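**Q** Please build the complex by placing chain D on the supplied structure of chain G, with the hints as guidance.
2 protein chains.
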Amino acid sequence: MDLISRLAVRTVSYKSGRFLFLTNEDGANICFMLSGAARVFRMTEGGDEVTIAVRSCQSTPILLSACIKGVGIELLEDSVLCFKATDDYIKASSDDIELRQYTIAQFMEFFECCHQRIEDLVLRSVEERVARQLVLLAERPSELQSKSSATVRITQGQLASLVAASRPSVNIALRKLQQRGILTTTSGFIKIASIDKLRNMSAVSL
Amino acid sequence: MDLISRLAVRTVSYKSGRFLFLTNEDGANICFMLSGAARVFRMTEGGDEVTIAVRSCQSTPILLSACIKGVGIELLEDSVLCFKATDDYIKASSDDIELRQYTIAQFMEFFECCHQRIEDLVLRSVEERVARQLVLLAERPSELQSKSSATVRITQGQLASLVAASRPSVNIALRKLQQRGILTTTSGFIKIASIDKLRNMSAVSL
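Going line by line, the protein sequences match chains G and D.
Residue 205 in the numbering used here is what sits at position 205 of the first sequence, and the numbering runs on without skipping anything.
Residue 39 in the numbering used here is what sits at position 39 of the second sequence, and the numbering runs on without skipping anything.
If we strip away everything but chain G, and leave its shape as in the complex, we get:
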């Protein structure tokens, strides 16, 4: 589906590491990602930052975020996004049943991400969450598929934010995984020797 021509929007390219805060005054934008990877987070009233989801895509545009108060995005890769005011989006979908089907499907997919995040926090230990997150990062669409090893560019601080744990507990988890020969860490990078073993560690089929 050619979202760009349907929505008549301009795409915007952003560099990896860029933060975008999506709370404009009216808070009424829907944001799509056309390529890249991002962490979607939320700032609490108390100033805490909570990661909601990590999302990536290669060719099919995905719903990255909608007009929810306090939501922000940190780009984990060079990315291409587009924005549309919610009211204009609703108007654009007036005569376009495909766009409406796409919208519902995208909302469902984002719910699925939120549900998985909740499942993760309720059921998995920090070590299992670290393992799962690394598998997801190593296997995201923008990476090459079907490989047995991978190098993931991420700091322990970023990883702690992605798995909702403290940096020290992420460090302990990584050291345990390193002792088992599953990965090695260097500054800013994690080299995964066996994605399969890491997948087994994450305690679920991914």
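Treat the hints with care, since some could be wrong.
What the hints assert, rightly or not - Reference excerpt, derived from the structure (chain D facing chain G, CB under 8 Å, subset only):
hint : residue
1    : Ile90
2    : Ser94
3    : Leu99
4    : Arg100
5    : Phe111
6    : His115
7    : Val126
8    : Glu127
Claimed, not checked - Just so you have them, the derived chain G footprint on chain D, three or more residues with Cβ under 8 Å:
hint : stretch
9    : 31-41
10   : 117-124
Everything labelled a hint here was simulated from the structure, so no lab data went into it.
The structure displayed is predicted, hence computed values, not measured ones.
Even glycine gets a Cβ: it sits at the ideal position worked out from N, Cα and C.
**A** Chain D only, in chain G's frame:
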């Protein structure tokens, strides 16, 4: 907005305590709640049950769940629901801009619930989650407003599921709150002496 006439659906009444599993074969229903209260949960492949949200409403219909694999509902009160196949829903919204606006607004509201759940799990202790959940239950729309005390009908097992903690740790949290004179527990009920004190305990503005 008169959702029922717009969607041309029949409403269905359910008794408190009823479980509904929303994974029909095609998994393609959108479910709205017209009155009552429900716990939305998800069954994992491993057979664990994870609560996603607790939702209630009095007069304005809310989106309770959409066609996501493995989602179920436990009704916490006598409730009135209606269902619509997703494809039919999309067709119904063809010439109805108000319905499309309502849909987007409802999706946003449900995302907000999921986000709050994630925030809860990441930032709050079991005791804070118990306090917050009890305030939410005492103040849901179907209860009388603006009161200082309340009796909430809930078992410790249900409460454990709502706050994603073990029964023993919920029991410990409740005993601490009881020692401070904030509430008393009897079989199947929790009597809250001071909702204000409980709100302070939950560590956030609600």
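**Q** All hints, please: hold or fail.
**A** Checked hints:
For Ile90(D), the shortest C-beta to C-beta distance to chain G is roughly 5 Å, which falls under 8 Å, so the interface hint holds. With a least beta-carbon distance of about 7 Å to chain G, the hint placing Ser94(D) at the interface is held under the 8 Å criterion. Checking Leu99(D) against chain G by beta carbon gives a least distance of about 10 Å; that is not within 8 Å, so the hint is violated. With 8 Å as the threshold, the beta carbon of Arg100(D) comes within range of chain G, its nearest partner Cβ sitting at about 5 Å, so the hint holds.
About 6 Å separates the beta-carbon of Phe111(D) from the nearest beta-carbon of chain G, less than 8 Å, and the hint is met. Interface restraint check for His115(D): the shortest CB-CB distance to chain G comes to about 5 Å, inside 8 Å, so the restraint holds. A least Cβ separation of about 12 Å between Val126(D) and chain G goes past the 8 Å threshold, and the interface hint is therefore violated. At its closest, the beta carbon of Glu127(D) sits 17 Å from a beta carbon of chain G; the interface hint therefore is violated under the 8 Å criterion.
Note: the stretch 31-41 of chain D has 0 residues with beta-carbon separation from chain G under 8 Å; the three-residue rule is not met and the coverage is violated. Counting residues of the stretch 117-124 of chain D whose beta-carbon sits less than 8 Å from any beta-carbon of chain G gives 6, enough to reach three: the coverage restraint holds.
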